[in-house]
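J.: Residue strings, one per chain:
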Amino acid sequence: MSGMPLAIAPETPVARSTIDRMAPPSGVGDKIFKWLTLAMALAVVALVFLVGWQLARGSSLAIQKFGFHFFTTSTWDPVAEQFGALPFIYGTAVSSLVALLIAVPLSIATAVYLTELAPIWIRQPLVSLIEMLAAIPSVILGLWGIFVMIPWLRTHAFPFLKQTLGWTPLFSGPIYGVSMLAGGIIIAVMILPIITSVSREILRSVPDLQREAAYALGATRWEVTRIAVLSYAKRGLFGAVVLGLGRALGETMAVTMVIGNTPQIRASLFAPGYTLASVIANEFTEATTDIYLQALFEIGLALFGITIIANLLAQLLLKTMGPARSGAVQ
Amino acid sequence: MKAKRGDQHVWRKTKSALASGGAFVCALLVIAPLALVFFHLLRSGASAVNWSFFTELPKPVGAPGGGMVNAIAGSFELLGLAALVGVPVGVLGGVYLAEYGTVRGNWMLRFVADVLNGVPSIIWGVVVYGLIVLRFKSFSAYAGGLALGFIMIPLVMRTTEEVLLLVPSGYREASLALGISRWKTIVHIVMKTAMKGIVTGVLLALARVAGETAPLLFTAFGNRFWNHDLNEPIAALPLQIFSYAISPYDDWHRQAWAGALVLVVMIFFVNVLVRFLTRERVVRVP
Amino acid sequence: MESAAIIQRPMISSASIRQQELASEGESTDTASERRPAFEVEQLSIFYGQKKAIEDITLAVPSKMITAIIGPSGCGKSTLLRSLNRMHELIPNTRIEGKVLFAGKNIYSPEVDPVVIRRRIGMVFQKSNPFPTMSIADNVLVGLKLNGVRDRTFLRERLEQSLRMSALWDEVKDDLHKPGVSLSGGQQQRLCIARAIAVEPEVLLMDEPASALDPIATAKIEELIHELSANYTVVIVTHNMQQAGRCSDYTAFLYLGRLIEFGSTTKIFSNPSERRTEDYITGRFG
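As given, the protein sequences belong to chains A, B and C, one line each in that order. Using the working numbering, the first residue of the first sequence is number 1, and each one after it goes up by one. Using the working numbering, the first residue of the second sequence is number 1, and each one after it goes up by one. Using the working numbering, the first residue of the third sequence is number 1, and each one after it goes up by one.
It cannot be assumed that every hint is accurate.
To be verified - Not everything, but these chain A residues come out facing chain C in the computed CB check (under 7 Å):
| # | residue |
| --- | --- |
| 1 | 22 |
| 2 | 23 |
| 3 | 25 |
Claimed, not checked - Using 30 Å as the maximum straight-line C-alpha spacing, the simulated DSS-like pairs for lysine-lysine come out as follows:
| # | chain 1 | residue 1 | chain 2 | residue 2 |
| --- | --- | --- | --- | --- |
| 4 | C | 99 | A | 31 |
| 5 | C | 105 | A | 31 |
| 6 | C | 145 | C | 173 |
Just so you know, the hints here were simulated from the structure itself, not pulled from any lab data. It should be emphasised that the depicted structure is a prediction, and the values quoted were computed from it without experimental measurement. Heads up, the beta-carbon is just placed ideally off N, CA and C, and yes, glycines get one too.
Bound-form chain A, shown alone (with noise of 0.2 Å):
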């Protein structure tokens, strides 16, 4: 029973009349409308365990046949139905972490100069251009890198280091274009927006408190800057940080277009590479047996986990970033 019992009638004909005109409030409305957004919402947990069951579902084969060895056995050999992960998760490895050494101090520069150094007109501008940036779609950054990025490559900037640098194993030998390096370089171009507005935000959450008690102190601006902001701030850039190494580690595209695709392990960042999201994007299409689709999936799948993991990290530090140790700003 649901209700007042309209036995006990509102007072006035006028009243009753309103009343008995409207429907009767059914709390089935209200229960299922809650069920079916709950049921949406649970669609996100229901997505991971979908994504890890068809990827060990695809690879299990090669799982059994290959065991841990898939990932220390450096040969990529589909005519001999040979697997081995090594090159790739090198490539993904070195590629991400060039691309990290590059990014991450311009990012986290450009967002200190955002929130606390520019002067306010120039601020919103920046911002919009750095968001276009983000909207650029891999494929397109890729046209851009194999026609004009690895030219230029080829015929300046790597010749130049080859000259000055080529001393250590890491710029040495021959000079191709497409090679590590240049996959760490557009990675870097990829990732340079997410860091940056990321740790804005991480810079934006500051509490004011911080800058006001150092300004008083008489501090100049980029020693409140590194003082009062930035170690406050400690947690949440490293969190902005392992966020774009995330992206990093996934970026498919346009490292595809300009990293040579070979499975090598190689000092020389000139040499080419491939990466594991690469080889999925050039491979899967061509593979003709089980056991190579197979170990493509399993390439996936620990593609997937390391990416899990850098976000989960990631997200723990953006979300848990809180007061300083102390208090007081020292």
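Using the hints, position chains B and C against chain A.
T.: This is chains B and C only, laid out in the frame that chain A set:
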């Protein structure tokens, strides 16, 4: 003594100015790729964008000319399919996060959604391949749309939630005080008030997946002709750009630039539109 | 005491104006108390989590009269008001002990649906909140339309009646399609009153309805409250003592969650029984 302190002061101020200058240079370096990409898009792409680009199908290998009309249409079709998946799940999920649930539970759901946002898009392609392409033994527009839809879900969920939380609680209270049931309050009052924000969130998600290539590589797969059946492979603009870019033909390279320019213009158009729709209006004081 | 007398005199005269009005209508506060009270609150306590917001209140709100609830900040006035139409339940973790009888039935008994309660007990809030996506007409009728009333003639009649009863009809009758938020602050609040009475409740609960308004708008609202009490029981929470003195027939004084005193406004303001009531009235604390 006085001179020394003065020097120190000057040095500190100089350091501050240098830091500002250095940071500014970094900001410029971050923007630089944008400028370079745009410059080349315009230079190489503008000349190749002509009427036939928008009206003709790709020509056979080696033959010059032709266009990408099927890829443009295909992209729209895929976006439509993606929206069918992404919008209901994302919006309703966002409604749950904003209007129902516990603080703890919702925190975890948001966490999972944010982690899901970080999954590489190619993985979605692999998943949908196993889920649909293998089962039905064919690449299809459905598969491509589903992959893109999956990517949209956590995006739309978060933007919807944010926008709904901005609706002042006074409206919910006033509606409930009239004896309107909770779900009607949410749908007819709260969501209606937030509708612009919900729509712009969806548009942004669509713009984002419009540029995705990786998830389509082995789901939609691409098609040199018109797609007449959503169960068959379908062309998409990013796919076409990719396959032309890595090809050995100059003419196709030209067309890749043209396609890239068109794609970027479409995406930027949506972004600018969204920015326009969500600009702060001058509030009229009653 | 002399200063207290000076403060008191204006209030006495306004209270007795009210009594004169009632006398001319053929009623007196004595007759009113013979009718069954609109609400019988019995030993009501409300907890927010561990904190007790209202403690053991017993009170009979007379029907078709204006009852004011006054007291210093944080004394539980709003909580008490909201407990009369179960609106306090919107805050999570609330617990209730005791009863609230409306038309003789406990509104907190498990078979009673709060949605229906709220159709019979309306509420107006401190900050006026006409729904921003709706016109004036739609705002007034939303409680009817969303609850399934379709009869267009009936709706039109209710629209005009409600707007007339809230003294807004003449001002807006040619602009009914305009957005509700295009009105001035005082007009918006009257619109909210119209919206509340369109569903034809028997009671109107008002939570500081004029506190956000300028004096002229406030005077209009107070006048309106007098008119409304002919048809509705009105319970009004106010932090403005003079307003309580001007507007109400009965006054309840709350302090720290307890009911200190309840009686006719004349008595409370001229000759309170409790020391604390007198202290509050004379401004010794606020």
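J.: For each hint given before, does the structure comply? Return the numbers of the non-compliant ones in rising order.
T.: Violated hints: none at all, because every hint is consistent with the structure.
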